[in-house]
Amino acid sequence: DSGVTQTPKHLITATGQRVTLRCSPRSGDLSVYWYQQSLDQGLQFLIQYYNGEERAKGNILERFSAQQFPDLHSELNLSSLELGDSALYFCASSPQKLAGSPLHFGNGTRLTVT
Amino acid sequence: AQTVTQSQPEMSVQEAETVTLSCTYDTSESNYYLFWYKQPPSRQMILVIRQEAYKQQNATENRFSVNFQKAAKSFSLKISDSQLGDTAMYFCAFMNWGGGADGLTFGKGTHLIIQP
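In the order they appear, the protein sequences are chains A and B. Numbering-wise, the first sequence is residues 1 to 114 according to the working numbering. Numbering-wise, the second sequence is residues 115 to 230 according to the working numbering.
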C-alpha cells in the first residue's frame, strides 16, 4: 500500500458531463501530481501542486482543472468530457524535502466516457 | 524537454532466468534522477529502483539492479532469478534535478511476461 488514496476507483459517465476525481496524499507529503494513462499516449504528466499552490503544468487540457486544499488533498475536475478522455488517472505524492524523492502512486481512477 | 525511450514493447522469459530491460533518455542536464516503476495487472504503480545521476555506483534492490551508463544516456534494468510475480509493465522514468517540478517523464513501457 503506497499510502496514497484515490476515489472513486471507477467512473462511467457520458460525453459532455463533468466529473471530480479525488486524491489524498501520503501523510506528510506536500506535493501532489496528476497523471493520465491512456493506451496511445502512455503516462502523461498533467499538473503538480505543492502545499496548496500550483507548481508545474504539463499536458493538461483547458477543460481540466485541479486544486489542492489546505488539508493537502487534491481534486482533478474534468469537464465537457469527450470519448478520448477515457483513461486511467493517477495521483502521486512526494515529500520533496529531498531532491529526487520518488513519487508514490495511488491505485488510479478508471474513467470511461460513453 | 526530456525524452525517455524504451525500445522493447514486450519481452518474455522463463521463470528463474535473468532478463534485462532497456531504457535510453535524452537530456541536456548533468544531474538528474532515474527510476524504474512496475505496473502489474492490478495497475498499481510500484517503485522498483532509483538512481542518482551523480553517483557512479549502480543501484541494487534485491533481485533488481541497474546498469547506468551516463555518457551513453542508458539506464537498463536487470531482473535476476525472475519470478511469476515479476510479470508486469515496466516503466523507465526521468526526474529533473530541480526537486521534482514537472514530476516524472515516463517511457512507453515494456510488457514483461514471465513464463512458468
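In case anyone wonders, no lab produced these hints; they're calculated from the structure. Quick caveat: nothing in here was measured; it's all calculated off a predicted structure. Some hints here could point you the wrong way.
Claimed, not checked - Derived DEER-like restraints, expressed as beta-carbon distance ranges:
#, chain 1, residue 1, chain 2, residue 2, range
1, B, S142, A, P95, 25 to 31 Å
2, B, T174, A, R22, 46 to 52 Å
3, A, P70, B, Q197, 40 to 46 Å
4, A, S27, B, R177, 28 to 34 Å
5, A, K57, B, P230, 42 to 48 Å
6, B, T117, A, I12, 40 to 46 Å
7, A, P95, B, P123, 29 to 35 Å
8, A, G52, B, S142, 30 to 36 Å
In this text, a Cβ means the ideal position worked out from N, Cα and C, and glycines have one as well.
Using the Cβ atoms, figure out if G52/A sits within 30 to 36 Å of S142/B.
holds, 32 Å
Is the distance from the Cβ of T117/B to the Cβ of I12/A consistent with 40 to 46 Å?
violated, 34 Å
Check the following: the C-beta atoms of K57/A and P230/B are separated by a distance inside 42 to 48 Å.
holds, 45 Å
Cβ separation of S142/B and P95/A, checked against the hinted range 25 to 31 Å:
For P95/A against S142/B, whose Cβ atoms are near 27 Å apart, the range 25 to 31 Å holds.
May I ask you to test the hint 29 to 35 Å on the CB atoms belonging to P95/A and P123/B?
For P95/A and P123/B the Cβ distance comes to about 34 Å; the hint holds.
C-beta pair T174/B, R22/A: status relative to the range 46 to 52 Å that was hinted:
Once the Cβ atoms are compared, 37 Å apart, the range 46 to 52 Å for R22/A and T174/B is violated.
Does the Cβ pair P70/A, Q197/B satisfy 40 to 46 Å?
Because 44 Å falls inside the window, the suggested range holds.
Can you let me know if the beta-carbon spacing of S27/A and R177/B is within 28 to 34 Å?
Cβ of S27/A to Cβ of R177/B: about 30 Å, so the range 28 to 34 Å holds.
Hints 2 and 6 from the earlier list are contradicted by this structure; the remaining hints agree with it.
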